[in-house]
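Student: Residue numbers (our numbering), protein chains in the order written: chain A, 1 to 225; chain B, 226 to 710; chain C, 711 to 1387; chain D, 1388 to 1705.
No wet-lab data here; the hints were simulated from the structure.
Just so you know, not all the hints are guaranteed correct.
[As the list claims (entries may be wrong)] Calculated Cβ distances over 10 Å to all of chain B for the following chain C residues:
# : residue
1 : P789
2 : L1206
3 : R1280
[Claimed, not checked] The list that follows gives simulated cross-link-like pairs (lysine to any residue, SDA-like), each with its CA atoms no further than 20 Å apart:
# : chain 1 : residue 1 : chain 2 : residue 2
4 : D       : K1442     : C       : F1270
5 : B       : K410      : B       : G497
6 : C       : K887      : B       : E665
7 : A       : K223      : C       : I1370
8 : D       : K1438     : C       : A1277
[As the list claims (entries may be wrong)] Quick partial rundown of chain C residues pointing at chain B, CB under 8 Å, derived from the structure:
#  : residue
9  : I787
10 : L790
11 : P793
12 : V877
13 : H880
14 : L1368
15 : L1382
The beta-carbon is built from N, C-alpha and C at its ideal position, and this holds for glycine as well.
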Amino acid sequence: MRTLERPFPGTDTALNILAACLLLISFAMLSRRRTQRLVTLLAWQGMVLFVSTLLVAHSSGRVEMYYSAALTLLLKVIVLPLILHYLINRLGAQWDTETLVNIPAVMLAGLVLVIFAFGLAQPVSVLATTITRHTLGIALAVILLSFLMMITRRKAITQVIGFLAMENGLFFAATSTTYGMPMIIELGIALDVLVGVFILGIFFFQIREQFDSLDLHHLEALKED
Amino acid sequence: MVIEVLLVLTLPVAGAAVLAVLGARRRAATVNTAFSFATLLAAAALVVRVIRHGPVITGHEQFFVDSFNVFLVALTAFVGFTTALFSRPYMRIEQHHGRVSRRRLRLYHSMYQLFMGAMLMALLTNNIGLLWVAMEAATLSTVLLVSLYRTRASLEAAWKYFILCGVGIAQALFGTILLYFAAGKQLGNQGTTALLWTHLDAVKNHLEPRVLGLAFVFLLVGYGTKVGLAPLHNWLPDAHAEGPTPVSAVLSGLLLNVALYAVIRFKVLVAGAIGAALPSHILMAFGLFSALLAAFFLWRQRDIKRLFAYSSIEHMGIITFAFGIGGAVANFAALLHMTVHSLTKSSIFFSAGHASQKAGTQQMDDIRGLMTVSPTIGWGLLLGSLAILGLPPFGVFASEFLILTTAMRLHPWATPVLLLTLGIAFAAIFRRAQPMVFGETNAKRLPHSPALLPVFIHLGLVLLLGLYIPPALAHWFRAAARLIG
Amino acid sequence: MNTANALATAATTTLPLRMALTWVLAILALGVAGLARPNSIRLVARTLFAVGALACLGLAVLALGFLLRSQTPEVLILPLGLPDLPFHVRLDTLSAFFLLVLGLVGAGISSFSAGYFRAGEGTAPGLMGLHYHVFLASMGLVMLANDAYLFMVAWETMALSSFFLVVTQHRRGEIRKAGFLYLLMAHLGALCILFCFGLLHGGHWQFTFDAMRAARLAPAAASWTFVLALAGFGAKAGLVPFHVWLPEAHPAAPSPVSAMMSGLMLSTAAYGMVRVTFDLLQGRFWQWGLAMLAVGLFSALYGAIFAGVQTDMKRLLAYSSIENMGIVFSALGLALLFASSNMPLLAALALTAALIHTLNHALFKSLLFLATGSVMHATRQRSLGKLGGLIGRMPWVAGLALLGTLAIAGLPPLNGFVSEWLLLQSFLFTASLPHAFINMLVPLGAAVLALTLALAAYVMVKFYGIVFLGQPRESSLLEAHDANWVERAGLGWLGLACLLIGIMPQLALRLAAPVTAGLVGASVSLDGAFGWIAPVAAQQAAYNGLVLFVGILAIFGVTFLLVRLLAHGRLRRAAAWDCGYRWQTPRMQDSAEGFGQPIRHIFGPFFRMRRHLPAPEDPAPRYEVVIEDRLWRLFYAPLGRAVDWLADAVGVLQSGRLSIYLLFSFATLLLLLVFVL
Amino acid sequence: MTPAALLRQLAQIILALALAPLFAGWIAQCRAWLQNRSAPPLTQPYRMLRKLFAKEVVLADNASPLFRATPYVLFGTMVLAAAIIPSLLTDLPFARVVDAIALIGAFATARVFLSLAAMDIGTAFGTLGARREMMIGFLAEPALLMVFFNAFLLFGSTAFPNLVERYTRHPSLLDPSVLFSAIAFVMVLLAENARIPIDNPATHLELTMVHEAMLLEYSARHLALAEWASSLKLYNYVCIGFALFLPWGIASSTQHGLWVLPVSLAALVCKLLLAGGVLVTIETLSAKLRVFRAPEFLAMAFLLAVLGLLVHLLLGAA
C-alpha cells in the first residue's frame, strides 16, 4: 500500500480541469457533423491525455509514465490523426457530413449517461488512493459517450473515430485509477490499436471499391428476414 | 522458460513469418500444415510434461499451464492441425473455382498461423493483460481472413465482426483495468504481479467486491461478445457464413472456446470476491437465453454455414449455462462439452464446406443427395449433424446428459426452456440435414479429391469420448471443475 | 412394497449375465462382420442373419434358464462409460423376461430375414445388416442397463439404428418425412426420459438404478418423474397423442424391420415403464395408475378405430400396434392401482396380463408384419384394394397368417385370448378397490376394453379377408409365389409360439411369476392341473386352453366322422352363384373402404374425413375417401405454426444494421451494470 | 372328473343337440300362430337337416379349405358352448375349465370363422354379410361381457356353475341391476341370433340379409351343420339367460338322486316353451330396423348393461 511522494500543489485541480475538457470534447464529438472536425477533436483529446499523463507521471514520479506519455503523444496526437487525414484525403471524404437525427435527444441521453457513470464510479473512486481518484467517473463517461457516438453514426470513418475515442477513454481510465498499466501491456495495447487502424485503412479502400461509398447503410445486406 | 511452452508460442509466429515470405508457392499449403503439425507436436510434448510433472508456471510467471488450459491447448493445436490438413485441398479447389487469388493465399496462410499463435498465447498466458492483447490479436488476424473473398458480403461480415468485437474487447480492457486497480491494493501496482492470474486467484477472497462486480460486467460483455452470447452474437453468423470454411471451422471450434475460457477464468476470481451467486445467475441467464434464441434462429436458416453457426451459439449457450450451474458435475460436463463441441463442429464445417463446394452454393435447398454422389461427405455430414444434435453414442450426448440431469435436479425451472431449445434445435437442423444427405442429386464432381480424413478423425474421437474418457483427460476435467468451483 | 432390497441383493456368480452380454456383443459383431463384403447378399442375408437367429435363440434360452432357475439379480460393472459413471449392467427377472421376448421373436424375424432380403432394397445389404444387428443389440442393452447413462445410450442407439432402417429407401420423399417425424418424436421422448432420470438421480454421479431405487423422492417430485416417464415411454409406445410417428414409420421400413419395431421396440417401451414405475418409483400413488389406465384405454380404442379404416395393410397393422400397446399400458395402470392400494395379488394378476400381452403382441404382430413382407415380395402391392385371394397362391403364408390373425383377434384357444382373459379378470376385481369413485370409473374402462377387443377382431377379419380371401383383385396376383422355406421357418416359429402359449398358458404364467414376485411381491397361483390357470381362486374363475383346444378338436373330429359315416362325402365343384348377374368381376368385391364403412359411420367424430362420391351420371365414376387424424390438426399443426411464427419474430434481432447491434451490446452493458449496482 | 360327471356332461350335450332344432321349430310354430298361419310341424327343422345331409355338396371353384372347415368349427364351438352352459345341471366338468369370458371367446371364434368363410368366395353378398355380422358382433360382445361382469359382481364368479349355485342358494343377492342386464341380454340375444329387429331369419332378400347372406354359398351337409349350429346358438343363448336370470330348477352339484334330472328337465322344457313364446311376441311386435339403425339398438343394449353395473355399484357403495 504505497502513498505518493512529493505532493505537487494544484495537480489534482489541474487534472480535474483536464478531465472536464475530455468530457467536453466527447460531447463536442457527439454533436459534430463534419468528419474532419471529428479527427481534429480526436487529436485534441489525445493532447489532453498527453498532458494529464505528464502531470500524473510528474506527481507520482514514475518513470515509465513518462514513456507512456511520450507514446500517447506519438500515437494519439500525431500518428493516428495523420493516418486518418491521409485516409480522408485519399478517399475524398473531406466534405463528408453525417446526417445526425435530433442532436438534442442524443445530448440528453449523453447527459443521463454521464450521471449514470458518476453514480457507478462513486463507490469505486472512494477506494482509489491516487490523486486522480475522481476522474474515473469521467473516464467511464467518456467511454459510454463514445459508445453512444458509435451507435449514432452512419459513416464508417466516424464510427472508427468513435472507436478510437473509446480507446482514449480507456487509456484515461488506466492512468487515472492506477498509474497506468505495466509498460509491456501498454505497448501491446498501443500495437493493437495501431494495427487495428491500419487494417481499418485497408478496409476503407476495399469497402470503397466494392460499394463506392463509405456509408454504412450499404453494409446491411446480411440479415435475417 | 519451459521449452515446450516456448515452442508452442513461437512456432506459429515463425510459421506466419515464413509463410509471409514464402508467398503463394504451391508448397505454401504444405508448409502451413507442417508448421501446424510442429505446433501439435510441441503441444503434445507439453501435455506429456504436464502428465508427468503436473502444472507448469514459467517465464517469470507470465505463462502457466494448469489442468484448465492444458487440454484446451492440446485441442487448439490439434484442431489447428486438422484444419490445416483440410484447408490444403479445400483452398486449392477454391482457387480452382477462382474465388481466391494466389496473392490472397499468402495472406490466408500467414494469418492462419498468426491466429493460431494468438489463441495459444491467450490460453497459455498467466497475465490478464497479455490475455487481452492476445484476444485482440486473434480478432485482428481473423478479420482479414473473414474478408478473404473480398465479396461485398464478406466485407460487410468482416466489418461487423471487427467493430462489434473491437468494441467488446474495449469493454474487456476496461474490466481488466478495474481488476488491476482492485488487485493493486493487495499486490501493489509495481510490475505485473497484480495482473497475474495465479496471484489474483490467491488473493481473490480479499479483492474489493464492488469493483469486482463492475469489472465482471465489463469483462463478460467484452469477452462474451466473442463467445457469441445473445444478444451480443450478431457478428457470429455473418462471419462464419462469409469467411472461408476452414476459418469458420476454427472460429467455431476454437475462438469461441478461448473466449469462454477467458470468461470463466474471470468468473473464478469474481466468484471468490463477491460470492458465486451473482455470476452464476448471470451466466445461467445468458446461457439459456442464447440457446433458446439460437434455436429459433436455427429454425429459419437456409444457408448451411449460417445454420451451423447458430448451432454454435446454441451450444455455447448450453456450456455457459452449465458453467453457471457450477459444481463438480456441471463443470465437468461443460468442459467435456467444450471439447466435443469444437471437435464435432469443426468436422461438420469440413463436410459442409465440401458439400457446398460440390453443389456450388451454400443454399441448403440446392444441396441434395450427397449420399449418392459422394457417400463419404454424406456420411460425414449426417453423422456430424446427429452427433451435434446430441444423439449417442457420440460425446455430445454424454455432456448433455450430465448437464440436463444436473439442471433437472438443481434448477427444474430451466427444464421447459431446455426441452424447447433442444427439441426445436433438433427439428431445425435435422429437417435440413436429412434432405441434403439423402435423396436424388445433380451435383458435379470436384476438381480435386476432398480431404475428409479430418472429418472422420474428429468424429472418431467424439465417438470415443462418448463411450470412454481417458483417465488423464478425466483427471484434468475433475481438477479444472474443482478449480472453477 | 419393499421390493427395493429384494431386488438389490445381487448374486455372487454372474455367469448368466456375462453370457447375456456375450450374446449381445456377438449380435453386434455380426453386424460389423457384414461390412466385410457389404454388397454380397449371400454373406449378409443368407449367412449372417441365420447366425443372428441362432444368437437370439441362445439369448432366449439363457433368459429362460435364468427365469426358471436362479432368479437372483446379478450386477456387473463394465470398464466403459464416463469416468465416475462406468456402465453398470444387471440381469434380474424383469430384464430376463424381456430378453426372452427379444430372443424368441428376434430369432423368428432374423431367420425370416435370412430368406427375405434381396439385392437393391435401397441401402447396401451390409449397411442394412449393420443397422439391423445394432438395433437388435441395443435393445438387448436397454434390458441389461443398470444405470441411466447406459440406458439412455442404448435407448437412443436403438432409435438411431431403427431410423436408418426406416429410411432404407431414402429416395422416396414420404419415407424421408416419415423418418424425420420418427426420429424427432423419438428424440423428444428420450429427452423426457432423460429429465425423468434427472429427477430420480441422487446428485453426485449417482446414476445407477440401485441408487435411484434407494432414493425416496418427495411426492411432488415422484409424480413429476412419473409424468415424464409416461410421456417418454408413451411416445415410444405410440400412446395417443404421441402416436403420430408410428403409422408413418412402421410401414415405411422393410417388413422385417417393421416387425422388429412393432414387435420388439414397443416392448422396450413397456419394459422401461415397468422398470421406472414399479421398480425405481415403486408405484406409490393410485392417481398414477388411473392416469396410465385412462391413457392406455384411450390409445387402445383410438388405435382399433383407426386400424378399422385403413386401406394399407402395413398401416393397418401399425395402428393395431397402437391398440395393443394401449392394452398393455392399461393393464400396467391397473396393476399400479392395485399395487398402490396394497393388493399385491391383484396387482400381480394385472401385471402378469401386461407382461404376457407384451409377449403375445411381439409374437403375433411380428408374424403378421413378416407375412405382409412375403405378400409384398410376391405381389409388389401394399394397398388392400389391390390384393385378395392369396390363400390359393401362397397357402403357407396364408395359413400361418391365419394363425396370427386369430391370435391377435383374441380368440381362444390362442395366446391373444390368454392375456385378454387375464386382463378382464383383473378388471373384474377392481370393485374391491378402496376408492369408491374408481369403482364407478373402472367398469367403464372394462367396457371400453371390451369394445376395443371386439373391434380388434373386426379389424383382423378385414385384414385377413381382404388380403387372403375372395378373388384376386388384380390379374397380376395370379402369379404370386409362396414364401421360400427359410421365410416359412421364421413364420412357423412365431406361429408355433402363439399356439403353444395359447394352449399351455401356465407356461407363460410361470415365466411371469418371478417377475411379479420381484416387483409387487406376489404372483398368480400356478397350482391346478396341467394346462390350467386359475389366477385367484378356482371357484372364481379358471381357464384351460388345452382342454378347450382338445375339446374343439374332438368335437370337430367326431362330427366330421359322424357326417362321413352317416351321410356321404359327395362333392361337386361349380362356379359361385352370381345372383343372376353374369357380369361380375373380382373388382366388384367389397373393398377395404367398404369394410371399414360401419366404423366410419359409427365413430365419425374421431375422423376428419374428405369424401368424393360419384354422381349417378359420372362418365368416369370415382369414389374416394381420405381419413385424417384430428389430433394432427388440433395439436401438431398449431405447434408447428407457433414455432414458425416465433422464428419469424426473432428475425428482427438480426436486422443487419450495425448500429442496432451496437445498441444491443450497449443496452446489455447498462442493464448488467444496473443489475450489479 | 369322475366318469359319472363325464356321463352327465355327455347327457347334457346330447340333450342340447336334440332340443335345439325342436326349439327352433317351436318358435316357428309360435310365430305362425301369432300370424294366423297354419304352423309347420314341430319337427320341421329335423326334416330339413335330414334332407340337407342327403344332398350332394356343390362347392364354388375358388373355395378354400377354410371355407369347408368352417361349418365344422361352428358346430364344434356351439356344442362346446352347450357343454359349458348349465342348462340341465351345474355339475359339469367342462364348465369348470371354460368360464363365461371364455364362452364369449368361443362365440367370437365362431363368428370370425363364419365371416372369413363368407368372404372366402368373394361374392359381394358374402362380404356384405360378413361386414354386418362383425359390426353387430363388436357391439353385442361388449354388452354381453358387461352382463357377465354384473353377474360377477353379484355372485363373485365367472364360472357358470358357481354363478347358478350361489344364485339359487341365496336369491337375496338379487338387486335392481339384474333388471337392466336382463333387458340388455335379451337385446343382445336378438341381435346375435339374427332375429328381428336386427335381421330377419326368414328373409330371402339378399340386401337385408346378415346371417343368411353369409350362408349363401353353402349347400348340403355344410349348410346343415351351419343351420344346426345356429339353432344351437339360439338355444345356448336362451340357456345362458336361464342360468343368469331364472336358474330355478337347474340341478346343483349338491343334490343327487334319480328324481333330480327329470325335474330339471321338466323345468328346462317349461322355460324353453315360455322363452319361445316371449321371443316370438317380441319379434312380431317389433319391425326390422335398417342396418344403419342396428348400432343404435346395440349401443342401447351396451348402455343398459353398463348402467346395470353402475346401479349395482351405487347401491353397493351406498
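Student: When the hints from earlier in the document are held up against this structure, which numbers fail?
Tutor: 1 and 9
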